[in-house]
Structures are given as structure tokens and as C-alpha cells.
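Colleague: Residue numbering for the sequence shown follows this note's numbering, starting at 8 and increasing by one per position.
What the hints contain is simulated information worked out from the structure, not anything from laboratory work. Just so you know, not all the hints are guaranteed correct.
Computed spacing ranges between beta-carbons, pair by pair [claimed, not checked]:
#1 A217 to A264: 27 to 37 Å
#2 H259 to G285: 23 to 33 Å
#3 V281 to D64: 37 to 47 Å
#4 W90 to V288: 41 to 51 Å
As the structure is a prediction and not an experimental result, all values here were calculated from the model. Idealized CB from N, CA, C, for every residue including glycine.
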Amino acid sequence: MLTGLTALVGLLGWLQKQPCASSNFDFIKTTTNGCYTDIYPLYYVRGLNDGKVPYFDSFSGSDTIHYVEYPVLSGGFMQLVAWLVKPFGVDGRGMAFFNVTVLFLIVLAIGAVLATAYAAGRRSLRTGLMVALSPALLLTAYINWDLLAVALTALALAAWSARRPTLAGALLGFAIAAKFYPLLFLGPLVLLCVRAGQWRAMGRMLGGTAAAWLLVNLPVMIFAWDGWREFYSFSQKRGVDWGSIFFYLQDHGLEKATSDTETLNLLGTGTFLVLAAGIAVLAFVAPTRPRLPQLMFLVLVAFMLPNKVWSPQYVLWLLPLAVLARPKLPAFVVWQVGEIAYFFGIWWFLLSVSAQTPGQDLSGTMSAVLSLDAPDGGISEDVYHLALFARFVTVLALAALVVWDVLRPSGDLVRADGADDPSGGVLDGADDVIALSRWRRRRGFHHADVPLAT
8 MLTGLTALVG LLGWLQKQPC ASSNFDFIKT TTNGCYTDIY PLYYVRGLND
58 GKVPYFDSFS GSDTIHYVEY PVLSGGFMQL VAWLVKPFGV DGRGMAFFNV
108 TVLFLIVLAI GAVLATAYAA GRRSLRTGLM VALSPALLLT AYINWDLLAV
158 ALTALALAAW SARRPTLAGA LLGFAIAAKF YPLLFLGPLV LLCVRAGQWR
208 AMGRMLGGTA AAWLLVNLPV MIFAWDGWRE FYSFSQKRGV DWGSIFFYLQ
258 DHGLEKATSD TETLNLLGTG TFLVLAAGIA VLAFVAPTRP RLPQLMFLVL
308 VAFMLPNKVW SPQYVLWLLP LAVLARPKLP AFVVWQVGEI AYFFGIWWFL
358 LSVSAQTPGQ DLSGTMSAVL SLDAPDGGIS EDVYHLALFA RFVTVLALAA
408 LVVWDVLRPS GDLVRADGAD DPSGGVLDGA DDVIALSRWR RRRGFHHADV
458 PLAT
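Turn these sequences into a full structure, and let the hints guide you.
Modeller: Okay, here's the thing in C-alpha cells:
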């Protein structure tokens with residue numbers, strides 16, 4: 008059932024892109040209809056149509072030479088599809104590239120849903136349905152190649168839950184080779200393994216991660232160093248993106264800080280490190296060892312909230328972890344509404360920017376939405392800021408609820424029926440070795456209504 012429903016949502020997502028596909032993804036039509044994708048234009052802009060190989064062949068941009076700015080496995084994915092569409096005519100290759108990529112991404116979405124359901128244990132159907140039927144999956148699945156890393160991360164978590172740490176590490180290493188963000192999950196894995204004293208599993212996981220990442224990256228590092236490092240140098244040099252909270256702050260008191268890339272990087276990285284330190288403390292002071300998806304979700308949110316780049320499709324990164332961390336519908340639905348508001352908000356704002364119009368105010372925007380139409384000329388910057396905060400606040404609120412569940416595990420839905428950590432693998436049911444809660448228990452400071460054993 009999960010496979011069929013995910014495929015159906017994938018098909019609906021493809022249909023949602025068709026108003027743009029029919030016009031070869033003309034920018035005005037894509038922003039008006041909210042059906043933008045990077046996949047089609049980058050086939051041409053990155054030289055894949057001319058037979059250029061990512062990392063090994065450069066392309067001209069402005070007055071400088073550039074390479075594909077994605078991690079190696081994502082670039083390999085792009086190259087694979089470019090090879091597959093060569094038999095198509097020159098005029099049809101771009102659309103074939105998009106459609107074949109979509110087929111692969113649907114398969115990856117199915118893999119992500121099934122892996123997430125497996126990692127959920129007893130609540131597999133509920134969790135799988137929440138991911139498969141997510142509006143965010145339908146709207147953002149084909150904006151970019153993110154589902155490759157999402158699926159590999161979900162498979163890694165499923166392998167970990169099956170107590171196969173080496174395989175989990177290898178899959179996580181491949182995920183890191185596709186996108187940077189899965190690297191963050193090494194932190195929660197290490198923290199929880201330390202608390203539970205699972206040193207051997209931790210070592211096998213880290214070894215698998217390093218081996219898989221090197222297997223993919225080392226050949227390109229050796230033979231195409233400049234192309235390989237493009238992703239990292241590009242990430243450092245990027246300025247404030249439309250979806251970042253800094254986009255709002257740059258016009259509200261942080262103009263100088265956000266205009267300097269080094270200061271901007273320092274602000275974002277510094278804020279993340281402070282939040283990550285708080286999560287590390289939480290991992291050891293929580294009365295019951297946090298579940299792995301809870302910490303993975305929190306560290307990813309800590310990375311995204313102060314980031315200078317937060318693209319619409321990044322919701323896919325959060326989706327499997329959010330439903331595993333807190334499989335309750337009310338807050339999940341509110342979060343999805345926030346993501347939908349941002350999804351259409353960003354395209355309609357870019358419409359007003361590209362058309363050089365002031366855009367509709369809130370009243371005009373709501374009138375157009377209630378009429379099931381796009382606002383004429385897009386939306387104003389003030390309305391866009393509301394959409395930006397709708398996503399920011401709902402993600403922050405969901406993270407706060409997860410923290411509350413960690414501190415009061417009796418309210419955690421997953422643990423309500425006596426389970427510990429279905430996604431935890433060797434952590435599931437393991438005793439604590441290092442935890443402040445053990446010290447508190449010995450000193451008699453624990454709460455009677457909070458379970459202390461894991």
C-alpha cells in the first residue's frame with residue numbers, strides 16, 4: 008500500500024509540474040504556477056546537453072570558470088541520466104532528462120517511505136502514510152535532486168534499526184556524498200552510543216561511513232580536484248538566499264553583517280554550534296535516553312534555522328525524521344501548512360521581483376488564494392516575510408515539542424506503549440553507561456513520574 012500511495016503522490020507531483028513543462032519551464036510561468044524545477048534548466052546551464060562531464064569539464068559563468076556545484080554522488084546521478092537520454096533527439100533531450108530524473112526520484116521516494124516505515128517499528132503504517140501523503144513531498148520532490156540523499160539517509164536509519172551498523176554507516180557515507188546535511192547525523196549517533204556504551208557499533212558505523220564516502224569521492228578528488236572542491240568553495244562564497252532568516256534580518260538591523268560573506272558564515276556556523284552544544288547536553292541530561300530520530304531531527308533543525316540557504320525542497324530533509332521523532336498529526340499538519348505557505352510564497356515573491364512589480368498586499372493575496380488563483384503580479388515583500396516566518400516558526404515549534412517529549416518521555420507517543428527506541432538498533436533497550444540522569448537518580452533528584460531506565 009505504501010508503495011502504491013507514494014507512486015501516486017509522485018505522479019501527482021509530476022502532473023503539478025506540467026503547466027511549466029508545457030512551456031519549457033519559462034520562468035514567469037513557473038513562478039506563477041509554483042511548478043519550478045532546477046532539473047530542466049541545469050541540464051543546459053551545467054553543460055550536460057553538450058556532453059560535459061561533472062567535475063571533469065568546466066563551464067563558463069559570468070567571467071569565471073565553474074564546475075557542477077553539487078557533491079559527487081549527486082553529480083554522478085545527473086551524469087547517469089544525461090547518458091540515458093542521449094538516444095533522444097537534440098530538441099527533446101532536456102524534457103527527457105527531466106522526465107527520466109523524475110522516474111528515478113519516484114523510486115527514491117518509495118525507498119525513503121518504506122525505509123522510514125521500517126525504522127518506525129510498530130507504528131510503521133502510520134509513519135509511512137504521514138511521509139507518503141505529505142503535501143510537501145508532492146510539491147517539492149522534483150525541484151532538485153535532494154531525494155537521493157533523503158532516501159539514502161532513510162535507508163541508513165533502517166539499517167541501523169536492524170542492528171547493522173556497518174551497512175548503516177556505508178549508506179550514510181553515500182548520503183553524505185550526495186548532500187552535506189547527512190554528515191550532521193554522526194553527532195546524534197555518537198552521542199547516544201557514548202551514553203549507552205555502544206563503542207563497537209559506533210566504531211563500525213564510523214568506519215562504514217568513512218569507507219563509503221571515500222569510495223565515491225577519492226577518485227574525483229585525485230583526477231578532478233578543482234571540480235571536486237567546487238561544492239565546498241561555492242558553499243563558502245554564497246550569500247544570503249531568499250529562504251534564509253537572514254533575508255529578513257538583512258533589512259532589519261543586520262545589513263552590514265549579512266553583506267559580508269565571512270561574517271555571515273560566522274553568524275550561521277556560530278549559532279548552529281551553540282544550538283548543537285545544547286542538543287549534546289540534552290542527550291546526556293534527559294531522564295531517559297532520547298530516541299535517535301529525536302536527536303537527528305533536532306540537530307538538522309539547528310542547522311537549518313540559522314543557515315544562509317534554506318531552499319523550498321529542504322523540507323524533504325526533515326520529513327522522515329519529523330514523523331519518526333513525533334508521529335502526532337496536529338503539529339505535523341500545522342507544519343505542513345507552514346511549508347505550503349512558504350512554497351507558494353517564494354514563487355509568487357520571485358514573480359513580483361522578476362516582473363518588477365510591487366506585488367499584492369496581504370488582502371490582495373488572500374483574495375487571489377481564495378479564488379484559487381495566483382496573485383496578479385506576485386506578492387509584496389511584507390507578505391513574503393509572513394510566508395518565510397510561517398515556515399520558520401512552525402519548524403521551530405515542532406522542534407520545541409520534540410524537546411518537550413525528550414524531557415517528559417511519558418508524553419512521547421512512541422514510548423506510550425512501552426517501546427524504547429524502535430529506530431535505535433543497538434540502542435533500543437540498552438542500559439545507560441554515561442548519563443547525568445544516573446547521577447541524579449543516585450542523589451535522589453529524579454521525578455517519580457519520569458521513567459529512568461532505558
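Colleague: All the hints need checking, so say for each whether the structure fits it.
Modeller: Hints versus structure:
As the Cβ distance of A217 to A264 is approximately 36 Å, the hint placing it in 27 to 37 Å holds. Taken as a hint, the range 23 to 33 Å holds for the pair H259 and G285, whose Cβ atoms sit roughly 25 Å apart. Checking the proposed 37 to 47 Å range against V281 and D64 shows it holds: the Cβ atoms sit about 41 Å from each other. Restraint check, W90 to V288: a C-beta distance of roughly 49 Å satisfies the suggested window 41 to 51 Å.
Checked against the numbered hints above, the structure violates none of them.
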